[in-house]
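2 protein chains.
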Amino acid sequence: MEVIMATKFRWGILGTGNIAKQFARGLASISDAELVAVGSRSRESADRFGDEFSVPHRHSTYEDLARDPGVDAIYVATPHPMHHENAILCLENDKPVLVEKPFTVNASEAKRVIDTARERGVFCMEAMWTRFLPVIAKLREIVESGEIGDVRMVQANFAFRAQFNPESRLFKPELGGGGLLDVGIYAISFARMIMKNAPVEVYSMADMGKTGVDEQAAIILRYGAERMAMLMCGTRVTT
Amino acid sequence: MEVIMATKFRWGILGTGNIAKQFARGLASISDAELVAVGSRSRESADRFGDEFSVPHRHSTYEDLARDPGVDAIYVATPHPMHHENAILCLENDKPVLVEKPFTVNASEAKRVIDTARERGVFCMEAMWTRFLPVIAKLREIVESGEIGDVRMVQANFAFRAQFNPESRLFKPELGGGGLLDVGIYAISFARMIMKNAPVEVYSMADMGKTGVDEQAAIILRYGAERMAMLMCGTRVTT
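Protein chains in written order, with numbering that gives the first Met the number 0: chain A, 0 to 238; chain B, 0 to 238.
Hints are computed from structural coordinates only; laboratory data are not their basis. One should not assume that every hint holds.
Said to hold, decoys possible - BS3-like, lysine-lysine: derived pairs with alpha carbons at most 27 Å apart:
| # | chain 1 | residue 1 | chain 2 | residue 2 |
| --- | --- | --- | --- | --- |
| 1 | B | K100 | B | K20 |
| 2 | A | K209 | B | K195 |
| 3 | B | K7 | B | K20 |
| 4 | B | K209 | A | K195 |
Could you build the full structure based on these sequences and the hints that come with them?
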């Protein structure tokens with residue numbers, strides 16, 4: 000019995016929002032993983048989350064979660080602009096970390112997180128779940144096999160129509176609002192999965208709404224000769 | 000009997016290539032139109048075409064066709080780079096003209112044709128047939144009605160995969176080769192039909208092949224606030 004317990008991967012969740020709840024629900028269906036700890040910025044929130052998902056250890060600071068010796072890895076589920084700080088906190092405490100997408104809100108933050116992970120030799124990954132969907136795995140296998148020929152053009156759209164609300168996270172610049180960081184990254188990530196390399200040329204045209212975030216954007220990526228991607232994302236447009 | 004004949008619109012075709020033949024076949028199914036003349040740069044070619052499509056008047060120069068008093072309008076079916084010269088010839092002889100797409104190969108040529116048509120007060124149109132398809136008419140009606148909401152993003156692709164052949168019109172710069180002039184204009188024209196205005200911002204990224212023509216291109220157009228189009232075209236990519 001002891002042996003079986005010891006093989007379970009012990010997760011901690013940093014954050015208690017909607018995505019944190021979805022992750023907790025998902026973990027419950029995984030036989031070799033368990034949710035053992037949650038960290039919040041307030042005792043009340045940590046307890047409320049802990050009660051709802053039967054989490055034994057509740058921490059009222061992110062630091063306490065990061066230092067919890069009973070946690071094997073941490074899932075970062077805070078708003079976008081906090082990801083880099085939260086991820087670095089975990090890594091500096093030698094905790095492997097799975098960072099909800101978007102990994103960070105810009106390249107310099109991403110570099111700091113990656114540099115920290117490399118320096119400490121600790122695992123770090125963006126929670127780009129679509130990469131592991133069976134349909135995507137099959138698609139990559141088909142592309143790899145060459146049966147559809149060379150892929151010269153990838154097209155991907157990810158957009159939805161939200162009502163305009165300047166108070167919503169989606170429309171607030173300070174919370175990393177806009178379509179690119181919310182859903183555009185799925186399209187970009189998809190192109191990357193198919194093309195494999197990083198693009199050598201990037202162009203984007205965006206409609207910046209009243210609050211200064213991208214409400215819709217068109218993106219062209221070039222992956223060397225004869226390979227391009229056209230991507231579209233938005234928060235105010237139905238695809 | 001005389002009266003009925005007089006109501007038929009008398010067409011001349013300038014050029015004897017494949018598209019000219021398709022137009023001739025199409026005309027045969029129109030009850031109030033008839034093909035009365037063909038013009039070529041050679042007597043042999045005019046006669047061959049005339050025999051095949053039972054055209055009474057065959058001209059061995061384009062000038063003779065343009066001056067033919069028995070012709071009501073002329074369809075220009077020559078290779079792309081000749082369109083502007085051919086169209087102007089017709090207009091200067093006061094012949095209404097339908098110019099096969101692309102109208103011309105660049106904006107300055109287009110302007111010269113339009114200026115000539117305006118100066119002479121003679122009808123001139125690009126043969127953008129897709130504009131008149133019942134499905135497009137219905138689509139425009141639906142967009143117009145507002146039942147699908149504001150159109151914020153138009154996407155259109157038109158590409159096909161031709162074998163690379165440097166001797167083919169499609170790959171020769173001097174014949175107006177490349178995907179944009181061959182099929183990309185359908186996507187651009189489609190976006191124009193839906194958005195109605197001309198774009199205020201244009202960006203394109205293209206893969207120029209070995210012969211220096213666009214083998215595939217991605218285009219983003221902006222039509223003012225909250226309205227964009229993403230278009231793709233190519234001659235070496237299957238969509």
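Right, here's what the structure says about each hint:
Taken as a hint, the K100 of chain B and K20 of chain B pair is honoured in the structure, with Cα atoms around 15 Å apart against an allowance of 27 Å. About 24 Å separates the Cα atoms of K209 of chain A and K195 of chain B, which keeps this hinted pair within 27 Å; it holds. Distance check on the hinted pair: K7 of chain B and K20 of chain B sit about 20 Å apart at the alpha-carbon level, within 27 Å; holds. Between K209 of chain B and K195 of chain A the alpha-carbon distance is near 24 Å, which keeps this suggested pair within the 27 Å criterion.
Violation of the numbered hints given earlier is absent; every hint is satisfied by the structure.
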